[in-house]
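Asks: Letter by letter, the chains look like this.
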Amino acid sequence: MSVGDYIRNSQIWKSVFRHPAPTDRRNRVVVMLTNFFLHLHPVSIKQQGIALSYTWCMGGITFFLFLVETITGVLLMFYYRPTLEWAFYDIQALRDVQTLGIMREIHRWGAHAMVITVWLHMYRVFLTGSYKPPREFNWVIGVLLLVLTLLLSFTGYLLPWDQLAIWAITVGSNMAKATPGLGTEGPGFQLFNTSGYELITNASDAKFLLLGGRFVGEATLNRFYILHCVAIPLVVSGLIAIHFWRVRKDGGISQPL
Amino acid sequence: MLNPHPDLTPSVLVGLGWFYLVIFLMNLLWTIRSFKVDGEYRNGMPKASLWAVYTSIVMMLSFYHFTYPVEGFMFSMPLAFKDFFDAYFSNPVLYFFLTILGLWAMIQFREWWTKPTVAWVLLNCSLIFMTLSLTDYDFRQIVGKPDNVPIVAMLFIVAFFTWIYFRRAVDNDRRIDEGRPLFEQEDNDKVLVWPDLVYTELICMVVLTAVLVFWGIALQAPLEEPASSMKTPNPSKAPWYFLGLQEMLVYFDPWLAGVVLPSIILGGLIAVPYIDFNKAGNGYYSFKERSFAITTFLFGFMPLWVALIVLGTFLRGPNWNFFGIYEYWDVHKVEAANNVNLSEFFWNGLGLGIPKGSGVGDILLRESPGIILTIVYFAALPPVLGLTVLRKYFVRMGVLRFLVFSNLILWMAILPIKMLLRWAFALKYIVGIPEFFFNI
Ligand code: HEM
Chain A
1 MSVGDYIRNS
11 QIWKSVFRHP
21 APTDRRNRVV
31 VMLTNFFLHL
41 HPVSIKQQGI
51 ALSYTWCMGG
61 ITFFLFLVET
71 ITGVLLMFYY
81 RPTLEWAFYD
91 IQALRDVQTL
101 GIMREIHRWG
111 AHAMVITVWL
121 HMYRVFLTGS
131 YKPPREFNWV
141 IGVLLLVLTL
151 LLSFTGYLLP
161 WDQLAIWAIT
171 VGSNMAKATP
181 GLGTEGPGFQ
191 LFNTSGYELI
201 TNASDAKFLL
211 LGGRFVGEAT
221 LNRFYILHCV
231 AIPLVVSGLI
241 AIHFWRVRKD
251 GGISQPL
Chain B
1 MLNPHPDLTP
11 SVLVGLGWFY
21 LVIFLMNLLW
31 TIRSFKVDGE
41 YRNGMPKASL
51 WAVYTSIVMM
61 LSFYHFTYPV
71 EGFMFSMPLA
81 FKDFFDAYFS
91 NPVLYFFLTI
101 LGLWAMIQFR
111 EWWTKPTVAW
121 VLLNCSLIFM
131 TLSLTDYDFR
141 QIVGKPDNVP
151 IVAMLFIVAF
161 FTWIYFRRAV
171 DNDRRIDEGR
181 PLFEQEDNDK
191 VLVWPDLVYT
201 ELICMVVLTA
211 VLVFWGIALQ
221 APLEEPASSM
231 KTPNPSKAPW
241 YFLGLQEMLV
251 YFDPWLAGVV
261 LPSIILGGLI
271 AVPYIDFNKA
281 GNGYYSFKER
291 SFAITTFLFG
301 FMPLWVALIV
311 LGTFLRGPNW
321 NFFGIYEYWD
331 VHKVEAANNV
341 NLSEFFWNGL
351 GLGIPKGSGV
361 GDILLRESPG
371 IILTIVYFAA
381 LPPVLGLTVL
391 RKYFVRMGVL
401 RFLVFSNLIL
411 WMAILPIKML
421 LRWAFALKYI
431 VGIPEFFFNI
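The listed protein sequences correspond, in order, to chains A and B. The C-terminal position of the first sequence is numbered 257 in my numbering, with every residue numbered one higher than the one before it. The C-terminal position of the second sequence is numbered 440 in my numbering, with every residue numbered one higher than the one before it.
Hints may be right or wrong, so weigh each one.
Pulled from the structure, derived: some chain A residues nowhere near chain B, Cβ distances all over 12 Å [claimed, not checked]: (1) Arg18; (2) Val43; (3) Leu227; (4) Leu234; (5) Val236.
A few chain A residues facing chain B, derived, Cβ under 8 Å [what the hints assert, rightly or not]: (6) Gln47; (7) Leu210; (8) Gly213.
Simulated pairs of lysine-lysine, DSSO-like, Cα-Cα distance not exceeding 27 Å [as the list claims (entries may be wrong)]: (9) Lys418/B to Lys46/A; (10) Lys46/A to Lys288/B; (11) Lys249/A to Lys145/B; (12) Lys46/A to Lys190/B.
The set of hints was computed from the structure by calculation and includes no laboratory data. Think of the CB as a built atom: it goes at the ideal place given N, C-alpha and C, for glycine as much as any other residue.
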């Protein structure tokens, strides 16, 4: 008996994988049904639905990049303290000192790549008309995922706390100040400030809410850190689960009738 | 002139050598392909020989850059061309309308440029153009920034996928015309996910991991000086994927460019499946059956999103001035901006003088021409369109759907409209009520 067979026949192996090696038709079906990760997929599928030239695999790539970002992100969290005192120097140390410093590179380039692949995925879905009935609602979930992907990237941009970071966030969050009705430099906020009450001031408007202060500062760093590392990823994970569920329930990858 | 290229240091030259090496290798493969597929000229010479000649030239260029380039003989972008380019293409409006022209040509000539050989020639042209441009110091400063590299890559990637789309669409359009089955309907048997899909995914993951690790090693993530609220960089830019929105700040106030327009973009995207009543073209690539939908989407994606990001990233320098791609980012460059409000045009044009006074009534009177125009644009134009040019859509969509649809289209058009007005009349605001931060 070869070593491979010995391992595959051991009690340990069999307790993990509940089926023999997927070498024949029957076991290739069984593997899809019993493996937790594989059960996301159907057992069999139309050939064109998985053709690279049709889907570009862009949704899959986006998902993979999300996983890469999660893993590298968790590793980075071991090294990074979101305080004015340490944020910048922790990142600098990742560059100059830490062995695993390349995680930061992978995390940053992966984030850029994910933004691009989300766009391309949407592009493909549009060009194949896959948003048409019965997949309208999955398109809507997709748009939410698109926004959240951009917000993930945006909140992460601040964390290195260098010049690039705070000024990019300053430019971006200045827009909040102009929100109609809710910002002190946008139209309509005066409506809330009638008869002596100042409801919308620069210490209570939309920008203040976003930054936790009037300027990008310690509170902003904390806020963005939590949004970036906890809040948005949780929502995105949930939406991705629904997105995948709906791909299956809407009849799999779109096909000509 | 002792040294015409003081900035072309050995490391830059070696970098260029790598560029040419990649182009050479690509074309080597292409020559082999061409030898197999392309056939011969009438005199018996294989068509691949032209490619072979070109490929060997690129190869020599590559090796030349790796060895000891002599200062006198440098293969670089001619100065005259750079000056010409910077002088005549330094204008955001011109840039924007050129991208629209490009989109039009892309759609119009889709049968032509989707041919592999044509596409390959175009790809080579753009690669050589970029490599040559990299010999320019200022070009390199901007394109070579680590955070900007993904954007350059994105351009090629988007072009590639657009090519795939048009190729498949042209093919399917032809099949539909001839009554043959679609490409997607041929060889469309059921296969098992293990192994057919699982292995594709595995390979994808391995390749992507390799790409990311290689990218991470080759290019260090940027880290500038520690944050300081005292030193404002000039220009201050938002993250690159928002630069299209930042570019709109040139034409609209933040409440529009930064809040209302992004919300409308998202709302519009969400609305897409509910306003597109066309059942055809679901689940396969096609153009003719959905030409309006596709054209609109491409318009939103190419000129309005990707091209504006490129504009904001590469062509906007200090003080958000426009700079040609080979131009030095001079902080002191001044651009005259004497923009005038519509109300001033109107009242002065009538010889009445601008109505004074700061009461609400006075302000509304002063801005009445712009307010009326805006109301007409968003409220009166849709019904008019629905009864005339867009009648076909109106009939099939019903009132509500049509109103949403036509308003979205009108919103999409406001940026080009405002650009043109700014360019032609130096128009600042259509409605200008700074008293209430209400400027359009
Ligand atoms: C985090 C972001 C996203 C992830 C991880 C994701 C993932 C996926 C995956 C894996 C698929 C299977 C088919 C494929 O790979 O193309 C898919 C399909 C789909 N996605 Fe996404 N997606 C994301 C964002 C979006 C966006 C932004 C849209 C559109 C606005 C969208 C709309 C759709 C639709 C309509 C389908 C069904 C396509 C079909 O049946 O052909 N998704 N998505």
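Asks: Each hint: holds or not?
Replies: For each hint, the structure was consulted:
no.	hint	in the structure
1	Arg18	15 Å, holds
2	Val43	6 Å, violated
3	Leu227	15 Å, holds
4	Leu234	21 Å, holds
5	Val236	16 Å, holds
6	Gln47	5 Å, holds
7	Leu210	12 Å, violated
8	Gly213	11 Å, violated
9	Lys418/B to Lys46/A	48 Å, violated
10	Lys46/A to Lys288/B	25 Å, holds
11	Lys249/A to Lys145/B	44 Å, violated
12	Lys46/A to Lys190/B	4 Å, holds
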